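Protein chains: 2
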Amino acid sequence: MSTLKVALLGCGVVGSEVARVLTKDAAELANRIGAPLELVGIAVRDLDRHRGSGLPDDLFTTDARGLVSRGDLDIVIEVIGGIEPARDLILTALEHGASVVTANKALLAQEAEALYDAAAKADRDLAFEAAVAGAIPIVRPLRESLAGDAVERVLGIVNGTTNFILDAMTTTGESFESALAEAQRLGYAEADPTADVEGHDAAAKAAILAGLAFHTRVTLGDVHCEGISAVTSADVALAGEIDSVVKLLAICEKIDTPDGHAVSVRVHPAMIPNTHPLASVRGAYNAVFVESESAGQLMFYGPGAGGSPTASAVLGDVVSAARNRVRGVVGPGESTHADLEIVGVGRTRTSYHLAIDVDDRAGVLAAIAHVFADHGVSIKTVRQVGTDDEAQLVIVTHAAVDANLAATVAALRDLDVVHDVSSVIRVEGS
Amino acid sequence: MSTLKVALLGCGVVGSEVARVLTKDAAELANRIGAPLELVGIAVRDLDRHRGSGLPDDLFTTDARGLVSRGDLDIVIEVIGGIEPARDLILTALEHGASVVTANKALLAQEAEALYDAAAKADRDLAFEAAVAGAIPIVRPLRESLAGDAVERVLGIVNGTTNFILDAMTTTGESFESALAEAQRLGYAEADPTADVEGHDAAAKAAILAGLAFHTRVTLGDVHCEGISAVTSADVALAGEIDSVVKLLAICEKIDTPDGHAVSVRVHPAMIPNTHPLASVRGAYNAVFVESESAGQLMFYGPGAGGSPTASAVLGDVVSAARNRVRGVVGPGESTHADLEIVGVGRTRTSYHLAIDVDDRAGVLAAIAHVFADHGVSIKTVRQVGTDDEAQLVIVTHAAVDANLAATVAALRDLDVVHDVSSVIRVEGS
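In the order they appear, the protein sequences are chains E and C. Going by numbering that gives the first Met the number 0, the first sequence opens with residue 0, and the numbers climb by one from there. Going by numbering that gives the first Met the number 0, the second sequence opens with residue 0, and the numbers climb by one from there.
FYI, nobody ran anything at the bench for these hints, they're computed from the structure. From a predicted model like this one, the values you see are computed outputs, not experimental measurements. Even glycine gets a Cβ: it sits at the ideal position worked out from N, Cα and C.
Each computed EDC-like pair below joins lysine to aspartate or glutamate, with the alpha-carbon atoms no more than 16 Å apart: (1) C/Lys23 to E/Glu292; (2) E/Lys23 to E/Glu37; (3) E/Lys23 to C/Glu292; (4) E/Lys120 to E/Glu333; (5) E/Lys4 to E/Asp71; (6) C/Lys23 to C/Glu37.
Partner residues aside, some chain C positions facing chain E, computed with beta carbon under 10 Å: (7) Val20; (8) Leu28; (9) Arg139; (10) Arg281; (11) Ala286; (12) Ala294; (13) Gly295; (14) Phe299; (15) Val318.
Take these sequences, add in the hints, and give me the full structure.
Quick look at the structure:
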């Protein structure tokens, strides 16, 4: 069987591990594919940085465009990340007849349509298991294993940095700032942690998961996104009081509308009960919890990042794409036939956990209950926590339209008897 | 695109749900496949039992052989279970050009070679996601997602009945007998629970998982199997004292040998620490924990049985097989290229947790320690639990060759100072 030519774009933490395994396990991979793979080139920015890296120096080039335009490549692996030049290089690789394996969540969340179209036009595979939740097989199960089922909801812990920070806050009671500093010390958070802590990374993954789960095109702009930088140790303590933990969740759900179904996709901190399988996801681990009509509740758990885990997902896709090249076929492409409407968070039904600092005098609860009633929000539980000078009301609502809950919070802030609504976090998974 | 003809063998809990979804979601499935599916026949034992079942009476036939021999079938779904006639019907269906989707773990664990060979000869798919851990996608991830990785170990809770019983014993402290009776009352255990409680069901699944994980043919006879009928409430209490729980585990591992690697496959009760992800798998749920070289630790969690969950797995395979028929290709077949030696449990390294009832006098510990040393087993912890008339030593060993551990237990039983070795359970996952 003739050799399959593979090119690698990017040779950082993930790329170097992919190259290492392609070389070390060449014989085993050839057995699994039915043909040997040959790594013919690695595009990098700076040749000097990769000298003596253990890989043959002559594999490296700074001419990525020249590499993907060779015309004799079977598979191109893109692990550069970011929008450009990754986008241009992937499109060029497909135009020249190579299947593409990418870990680029940002690109897929913004440009999926262009990439899928180019892959379909070229009759080649576009595979991206590594783009969501690192090593955890979730893209393939959604695309294939659950293809005979109807997914109703996906709840994901898909960002290891924020899970590490929230887990540390939960375990030690420390502040967000100190947990973030620790995450940075340990290499779980970057010097500029914005993309992780503000939820942008999770939002990109949520868009990809929602598109696969609901057979509808979903892009980053469709995702409501709130990060964890405003989560306080008080919020975490309040969660503990109701046997819950605070997690940053990516939530993709199918909601009922007067004329059928719609899709809602959001990323925000939420309190989930300790009994929920996602509550026990510790440290920098990821997990994706899927609720479907027939299968019921499934969870996929594993490392969400890191060179080796991400390389495992990339190489799984490389083997599938290679098998397809050997057989002259392509795997499933984009599936958008359901084409459901995407609605904002305001139209979804959620429930809120609120801590309200109020005057400690008669009639306050009545005034506050009135505000909830006025907005059609029904209260599930009220807990009063007295302090010396003022009282705190801790309220959990029943599920209600999110816009009404937000309006309730705004109205509460206008009440004279309310000093502050000091904690507002949604409740999920109960 | 022309219609794909589907036949269903068996119409019990799973079969009837498969038929229901094939009918109800016909349009959605056609969208996902690219061609409509037509259910052309359902083979059952007794026509009368299915009259007025909501499915057209004329779909039903008692002539299963005639149905699979039609010659115009694209996909045959086998959910009868057992060896014959399932084996004959699957082979006949393949000979007549149909791809086969089966949930039959017993058959796959005994006859995989014959089935794979027939599928390869016919150039058709043989798919069996539903045969292991119900709705949990684990066959496809092992076959495809991890195809670029090296699996080192698979630890599975793959039998819901035994997990329900052990979970009940852990939660309530009740005996095996009373937990079993409750499981039978609730329909989690059959009137004759032998196949579940003695581990035979889990052993079949272990054989299938090991074959996929290690690219080696593994059959039921290769699996060391111990059930849970001998697990006592004392065993469960002892596990609690070391912050562990007793689970029935299916363990598939690659072990080092002087001349490379070998495979060991075993099913037995084991104590695992509460911090291990498998420890929190409650009730009748299943989970498969995979340790691989690059991906690290992954876990797949979900319902392990039931009509709807199993139907979800079956239908996922039906969609894949149908997509392949539309494109005129087949998915990956059997992979046995590694062809590793399979060794008995005696040659694997495990560690034991022992409770030994002994005379309460000086020198006893020395005599017992001597027995461990004689067998090259090193002791990790010893705990003495005094009672009025006699003492109990609770010992956890370091990892040692299982045969030496077993020999140690036998030798201990021969010691005069030892009244009984009242609890012997392996320790895993630490």
